[in-house]
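Chains as they are written, first to last, in the working numbering: chain A, 1 to 263; chain B, 264 to 503.
There may be inaccurate statements among the hints.
What the hints assert, rightly or not - Derived EDC-like pairs: lysine to aspartate or glutamate, alpha-carbon spacing no greater than 20 Å straight-line:
1. B/K276 <-> B/D333
2. A/K260 <-> B/D366
3. A/K259 <-> B/E465
4. A/K6 <-> B/E465
5. B/K275 <-> A/D154
6. B/K432 <-> B/E454
7. B/K488 <-> B/D458
8. B/K275 <-> A/D262
9. B/K410 <-> B/D371
10. A/K261 <-> A/D154
11. B/K273 <-> A/D262
12. A/K5 <-> B/D366
13. B/K276 <-> A/D88
14. A/K259 <-> B/E317
15. B/K275 <-> B/E465
16. B/K273 <-> A/D154
17. B/K410 <-> B/E384
18. A/K261 <-> B/E317
19. A/K19 <-> B/E355
20. B/K361 <-> A/D174
21. B/K430 <-> B/D366
22. B/K430 <-> B/D458
23. A/K6 <-> B/D366
24. A/K257 <-> B/D458
25. A/K5 <-> B/E475
26. A/K5 <-> A/D88
As the list claims (entries may be wrong) - Computed footprint of chain A on chain B, listed as stretches where at least three residues anywhere in the stretch have a Cβ under 8 Å from a Cβ of chain A:
27. 313-323
28. 337-347
29. 362-374
Since the hints were derived computationally from the structure, they do not count as laboratory data.
Note that beta-carbon positions come from the ideal geometry of N, C-alpha and C, so glycine has one too.
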Amino acid sequence: MHNLKKIINYQLRDAFRSKLVIFYFLFFLVFTSLMFRFIGETSGVITNILNINVSFVPLLTLLYGTTFFYNSRGYILFMLTQPVRRTDLFLGIWGGVAIPLVLAQLVGVLLPFIFFSRLTGDAIVPLISLLVTGSFIVTVFLALAFFVAVWQDDKAKGFGVAITVWFLMALLYDGFILAISIFFADYPLETPLLIISTLNPIDLARIFCLIHMDASALMGYTGAVFKSYLQSTAGSIVAIVALLLWTSIPLTLSVLKFKKKDL
Amino acid sequence: MINVSNLTKKYKKLTALDSVSVKITEGVVTAIVGPNGSGKTTFLKSILGLVIPENGSIDLNGTSIFHNNDFKRMTGYLPQIHGFPSNLTVKESVQLLKNLRDDVSDHDMELYRKFGLNEHENKLIKQLSGGTLQKLSASIAFMFRPKFLILDEPTASLDPWASNIFKEKVQAVNREGVSVLLTSHIMSEVEEMADEIIFILEGKIRYHGGVEELMSTYETPTLEKAIAGIMGKELKLCTI
């Protein structure tokens, strides 16, 4: 734990000078500011940022995470010759990438909200749910990126797997849910759909956010079921725990593999 | 003494090390030589704990060195390719390692100063040339006053001036009792620096002994010809 903190500390210094982290921060800052300029309405701005969070952020995080891990091979190899536990090194590197990305997104979104929006009681809950789910999208997909990179030594294959993961979760999964709802339209699908949605972090984040924006009315009866569940305290806790598991399970499996990996 | 016993490492169907057993004498410079793909990198990585062998053991005076941080604290390593985060400065990279190895307070900064790295302290790693990075790696290998030095192709990116300083430093610490394990493809360098040679071919040790002894066995004036002699004998090729 002692070394983990030291590694994260220096990884953070490295990451905060990274062009990608600066670009990521500026992107959210400019995008959110422009949304306020052109849309103005807080819920509309949140919806547009949510769209970025569930499409662009997973892909960017997956590709950045895998690239970072592959490019850090020399560093990983050298650090393992130092008196450092493999678990500390792995989590240190992951934390050193995840924390700057999360902070860049949080600050990049939050600053325009402070300057351009009147943060009334109605806007605060949707904004918090947007920021929380956005942060989880980063940590989940960064954990998946590291999982891919640890298990797949070949860089080209690793990128292929990362893009496939994004394609399955961001695009194909929704088609799968749509197919289920069409084929089984005569059956009560609310509960199965609720369960299926929690199995995909992108859907879970999207629904969780929309429910807290009161946009569930647009989702019909299913939306009402989701709303009654996810807007309740228990439902919110389940959603947060599910997103935590989506981060911690790939991360734990990666650490287990990394501990026995030949470098 | 580092005692390697029955070490076997396989990568899928390829056997990189095949029941390797060897005792590495303390206080001497031992060179590991062999053609590309012979298993010398796997051998070094096994000692450093970077690869996990299927079978066998490596111990230092009776204590296993696998996942042994005490052994790592005693070891200085110079990798072939540098391993520093590109957006850290030289000073920060050194500070990171000093923080991780806070058991040593009296750092050996001789090579760091001789290589003029003080002038580059505030530069980012990505702004340094390959040669300067190698100088940084080389000076870090000595910085924590190791008892064992593991050097992987140490002079590959160094200019003749830096290479000479580096070799003098290796010889100086060796005289103080530091054990050195190195790999190199430059046989004149091995001849100049090493006391003993471990020759690996197809994952097996084919020769372990003194440099002079090897050259006199093959009756050649240079180590390069002696090594060519072993390879020819082992691979049943014609000697040069």
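Against the earlier hints, flag every one the structure doesn't satisfy and list their numbers going up. Going through the list in order, the structure violates hints 1, 2, 3, 4, 13, 17, 20, 21, 24, 25 and respects the others.
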